[in-house]
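Engineer: One line per chain: the protein sequences are X, C and S, in this order.
Per the numbering used here, residue 598 is the first one in the first sequence, and the count goes up by one each step.
Per the numbering used here, residue 598 is the first one in the second sequence, and the count goes up by one each step.
Per the numbering used here, residue 598 is the first one in the third sequence, and the count goes up by one each step.
Note that these hints are calculated values from the structure, not bench results.
Watch out, some of these pointers could steer you wrong.
For identical chains, the list gives no copy identity; a pair is met inside one copy or between any two copies.
[Claimed, not checked] No more than 20 Å apart at the CA atoms, straight line, and that leaves these computed lysine to any residue pairs for SDA-like:
id : residue 1 : residue 2
1  : Lys774    : Leu952
2  : Lys936    : Ala909
3  : Lys625    : Glu742
4  : Lys793    : Ile870
Keep in mind the model is a prediction, meaning the values are calculated, not measured.
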Amino acid sequence: MTSRHLLDLNSLNIDEWMMLIKTADEIKNHPYRYIDACHGKVLATLFYEPSTRTQMSFQTAMLRLGGRIIGFDNPATSSVSKGESLKDTVRVVSGYSDIIAIRHPKAGSAKAASFYSKVPVINAGDGGHLHPTQTLTDLVTLYEEKGQLTDMRIGMCGDLMNGRTVHSLIKALCRFKGNSFVLISTPQLRIPSYIKDILNAVGAKYCEVNTLEEAMSDIDVLYMTRIQRERFSSDEEYERQKGVYVLDKQKMKLAKSDLKILHPLPRVDEITIDVDDDPRAVYFEQTEYGMYARMALIMNMLDENIHKVDGAPVSTHSETCTNSNCITQTEKYLPKIFKESRDILVCKYCEERILL
Amino acid sequence: MTSRHLLDLNSLNIDEWMMLIKTADEIKNHPYRYIDACHGKVLATLFYEPSTRTQMSFQTAMLRLGGRIIGFDNPATSSVSKGESLKDTVRVVSGYSDIIAIRHPKAGSAKAASFYSKVPVINAGDGGHLHPTQTLTDLVTLYEEKGQLTDMRIGMCGDLMNGRTVHSLIKALCRFKGNSFVLISTPQLRIPSYIKDILNAVGAKYCEVNTLEEAMSDIDVLYMTRIQRERFSSDEEYERQKGVYVLDKQKMKLAKSDLKILHPLPRVDEITIDVDDDPRAVYFEQTEYGMYARMALIMNMLDENIHKVDGAPVSTHSETCTNSNCITQTEKYLPKIFKESRDILVCKYCEERILL
Amino acid sequence: MTSRHLLDLNSLNIDEWMMLIKTADEIKNHPYRYIDACHGKVLATLFYEPSTRTQMSFQTAMLRLGGRIIGFDNPATSSVSKGESLKDTVRVVSGYSDIIAIRHPKAGSAKAASFYSKVPVINAGDGGHLHPTQTLTDLVTLYEEKGQLTDMRIGMCGDLMNGRTVHSLIKALCRFKGNSFVLISTPQLRIPSYIKDILNAVGAKYCEVNTLEEAMSDIDVLYMTRIQRERFSSDEEYERQKGVYVLDKQKMKLAKSDLKILHPLPRVDEITIDVDDDPRAVYFEQTEYGMYARMALIMNMLDENIHKVDGAPVSTHSETCTNSNCITQTEKYLPKIFKESRDILVCKYCEERILL
């Protein structure tokens, strides 16, 4: 892969994506060929906020490759993360392990960690910013269940304004030709304009609708997500609207026979239980594809691993990022680095745009 | 084994019990033959309530077979178990693992889990309902320490009314011929009548006594358990009585030289420390037999594992179970299934009996 | 090694130290020769107080030897350690494992554990008393980074009165010839007199100074530790003095080119971040040497392991230790054992000296 670390899925090119997706497929079909693939290697999972599901997926991936796991999952009971800088923890743990998966509530934390790690770093979610292995999971699922990544009509349902996984998946599918999108949400929770810019730039067709019913009959894929109660303008509005975004057996009758339903899980009640037995529901299989995707990723990154510390870049600006959730706000020693683009600065940690 | 899952030890026949017991014996005698027996396999321990001792026993069992472990132990810090149905968690984790051990405070939870798991489920304790691997541990201990499971006189001491392990062990020993029982407790904490029905049905002799002294001289096995302070009618009564149910060096002088003392542990003060060095005390060995018992069980269940979801049965009744601790009270989607027996319904999850 | 357990580094002789140090060096140079060295073995880490860093170092060490790990890290959520004596927990867990690393807030707890364990016990820190693997780590670091353990001038900076690691390292280095010491602290935080007695007994030269600057130019090794704010006589005193004990780039200019800086970590602000990139800073490497030191130790102890319980010694006195942090204060069943030395008794658990 072109980078030692996996911080942002978009830093890989399409060939690298396809290599990972095909490796995941190969592992799924022949798991026993890989049970010792990472024998003697150690994965450290540094979870600065609990996320049992994601952590368990990474851990299982490494264990099924014959590797070992260390790490922590709870900053409250972990003395490693207390009163110690991210830099020191990452530097120490990278001396114990061969690869690190880090999850942290602050945007840009995985990038910050990559500066000080002797071993490859995987971003397992940095605040609301990026979560590349979820998107890789979604791509593997589509490849396995649809047999293709091009020329699909994809419905996206839920809170499209704030949904990180939705944005990331749209961006990814825009790199494959012929995909079009049906964006299903309340008017208040429409997709942000920067995503529309991307759709327009690649010439991908899309439309925005208010109800699942309008979309069901002509889509090939339905990506369901949750709309949180607090996103509605009022409780009454929530009660009136919520059913519109709940997928149930009734709405399934409108759909194509080869529709595939994805969901990043956990679900709350946006998909009713009786849909689970429908063969078009693949959200549980999706979690398994996530395991294979992570196996492919870990195996590949360990293969190319060269043990050396990259060294942090030097600061390129005196500006400080204005995003209050940026990792540079709490870890003061981090170099201030920005991408300049005419009259704005883009923070290289969290991608916040600052007007000069 | 006749079932894919181990929910209740009584669902196995005697031949299957003896096969497991003899496998445990074989592993104990030749542990190094088994260090790779489950190479490449993964056990998930889903502990919805903390029970470090039981979880550690399961984990060690799997690790000593060369397998790997994932799971959680604390619902408070685990995002898997938060806001997600038992069904979804079990379905997802069964996609990661080859076998699941589940512990949950609600009766019938392991049975509920078995409906949705792709892999075999072991009941590691479901509320006060069943705990089959403890009983298997007790049988392995008796087989190892007494050389037999028949024709023994067994003392049972403590809170016989509420003690789940005691009830389960009596039921198990009633399936072997020639065993008789001395039931040692306060009058308030006598064995429940349904256990007496079982004893009478198989013609097993038993007597009820008030003190350890009365029982000590002619028993072959003494199974000690704790009487909790709150079980006594008053604090004065507790202070007056507690010594009667404490096993100490003095009382040991009354016992046969080949008596064996068992205890499910942890003990509080119902066995004094000076008894530990008596060769007749085998309660610490018992925890090791528990590890071998679980190794035998896991190995056997993995051998016969066919990867498929059973699919939940359909509801057989419109009734809802009346037991407030039944898993069907919190997981509303579960099918309502009952065994009918003349004018009563028996809940298939928790075995609560409901009069029609 | 002369003892089955590692409770106190001083119970080993110099030859045993050198054997461990050289084994650590060998593992560091050829880690892949050792990835299956402890295949089939289990390490239990019993951490009665959280110490993620130390626990992770032990766990990684065992995993990198191909062994497996069990244990607990948080007494609050662990039912093993709740309401159960140290004796019972250790006895049970030693039936599951091949070696135990124990950390406990009470002095003498590891010694107490060793009485009841069937397998070797490593002291991973018992209150403020002993922490032998930290000292072993420091020795391995000096051996690797200086190429020698003799004839060095060693600066020790920080809270020398209360610093356990400092005392322990001085004692260790006094067993090698030609070492001298520069003791850098405030007058209130000078080294205790019993350490001066040891220095004098072996004829090791030492001087006491008030500032890092006075020491920097002629030392070969600088061992940095933290001075906690609460150790100063007042907040004003702290603010006035703290910079004196902070190592920064400026002070580094005074030092020899082959100085090596150690720190047991975690650091707070006693070493500034800009020192990290100085090649003389080896405190991150030190944590890796700690992993190799623990690998050498575990491998060696497992080799010589004879499975038997030692049996606790009988009490030698009717006295009770007067140290309120001694393990005998909470675990009442422990035999009262003392070393007699003229008119004082020395507690064999915590080394408290009691005047008769």
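Engineer: Hint by hint, note whether the structure agrees.
Structural biologist: So, going through the hints one by one against the coordinates:
In this homomeric assembly, Lys774 and Leu952 never come within 20 Å of each other (Cα to Cα): the closest approach is 34 Å inside a single copy and 65 Å across copies. For a Cα distance limit of 20 Å, the shortest separation of Lys936 from Ala909 inside one copy, 16 Å, qualifies, whereas the shortest one across copies, 55 Å, does not. Proximity of Lys625 and Glu742 under a CA criterion of 20 Å is satisfied intra-copy only: 13 Å inside one chain copy versus 46 Å between copies. Neither within a single protomer nor between protomers do Lys793 and Ile870 lie at most 20 Å apart by alpha-carbon distance, with minima of 33 Å and 43 Å respectively.
In terms of the numbered hints stated before, the structure departs from hints 1, 4, listed from lowest to highest.
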